[in-house]
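Q: Take the sequences, apply the hints, and build the full model.
Chain by chain, the residues:
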Amino acid sequence: MALQGNWTYTTQEIEEGNFNTISVTYPEDLSENDPNYNFRGQTKDVEVPVYKEITETYTNVYINIQSIHYWKSFQGQEKFDLMNITYRVFASKESYLSNPNEYLLEKLSVAQHIDFSKKLNHMEQAYEILKNTIGFQDLTSV
Amino acid sequence: MALQSSGAISFSQIKTELTSSSNSLRALSAAAGFSSPDAVSEFYGYTSSLPPTVVTFAFDQIGETSIRCGGAVNSDNGAAITERGFYFGTSTNRASNPKYTVSGTVGYYTLNRTGLSPNTTYRCWAYATNASGTTYGSMVTATTYQVYNPSWASMYTSAQGVFYGESPNGEVQTHSASYEAFYRNPYSGGYVQYYARSYNQSTTGIYQQLYFNGGSRFAGSPAGTAAVNTRNFVRLLYNADPYGLKGGSVSYNYIFMNPASGSFSNFSISGNGGNINDSSTGTTGYLSVYNFNTSDGRTPLQLDSYFDYA
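Protein chains in written order, with my numbering: chain A, 1 to 142; chain B, 1 to 310.
None of these hints come from the bench; they were simulated from the model.
Where hints are given, some of them may not hold.
[Stated by the list, open to error] Restricting the straight-line Cα-Cα distance to at most 25 Å, the calculated cross-link-like pairs of lysine-lysine (DSS-like) are:
#1 A/K131 with A/K52
#2 A/K119 with A/K131
#3 A/K52 with B/K99
#4 B/K99 with A/K107
#5 A/K79 with A/K119
[As the list claims (entries may be wrong)] Rough simulated footprint, nothing fancy, chain A against chain B, three-plus residues with beta-carbon under 8 Å:
#6 57 to 67
#7 98 to 110
[Stated by the list, open to error] Chain A stretches covered by chain B per the calculated footprint, using a threshold of three residues with CB under 8 Å from any CB of chain B:
#8 14 to 27
#9 43 to 51
#10 75 to 85
#11 103 to 113
These figures come from a predicted structure and were not determined experimentally.
Glycine included, C-beta positions come from ideal geometry on N, C-alpha and C.
A: Here is the structure:
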């Protein structure tokens, strides 16, 4: 199980002093505890920082999940199953096969939710999460 | 003017009748639910476009109080995008969450959310609207980390000063050409680790210092913990660097560890890096690393100093 294709890795930096205005529409049924309760049913313009995106594109790489770390988050009476995914990016499948420790990059995707209703095992879900992450759209399962 | 009451009616006949009489057009269009049709196709409820195609990406850039939503309008399906954005919040009911509009049309887009509650599960749906309707991407879910405030020690490099305090788990808090530092939030799973990393893109003559001011760290447990299994060690990451800064080999390096007693402990590593453990280090001291040489002439060398408790 692995992913292969063109991969784009994006990091962000806040552009100091630059702001964008976005429109936020608050639902009518906000709870009284919500900090925006007074704006329920209203649309507001909000200033947000501008994030500069720095992208690096890797052509025809081979991405292999190195490990997954499964844990639980307790929120009051609720309990959520989460996992951190460590994945490695190799120059090619051949590179991976010849030496799994000769990777280009090792990255982490954290606090992703596990959905047992999907009837997929942890590793399958981990790959599904990666495939659904920005930058992984041009990768296919191999 | 009249419409034929029986027999076949051709499309062209209807079109002719409708377009020849404004009164009939108004009456018929009102009956059809249109207030002011501007095209025959609209009268018939026909459109050549479809609602947009939209996907929601998995959350990324997750921290204690921040998260990034991602989405993409893969196609406008024949009609211009008039609005796109996200529904984002804690409710499992999409419409019960605030809606954030994001400028743009087709293509991928993101929204950084900050000021969130720690250890809270958030949901997000990307959406986009064109003249034919609105499409909602599937719901994605992630949880922010629980806050962990390490108040029992400090560690900083010669270049940057105190580095931790607000850092989200395991993410690089500070970063420059010569250093980066972070700690790993225990609520991300596993154990607490504090890192200070000094490195330099140069390949020879590097002199980096990592200062420890760990009096309380060495003296006792962090608040709320029963026992501390402290270790203090230096790890020179080179070939086994988890961040991909690797290659070549180290021909020479040397590390001093200076505990509070003032006596130096000298360590030498050769080859492709390794670990040094020194559990006898005193309350305050510093580490110095100098004279790195690499064989490949490009690899950034690093000194990782960290301590943890089980």
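Q: Hint by hint, which ones does the structure fall short of?
A: Structure breaks hint 4 only.
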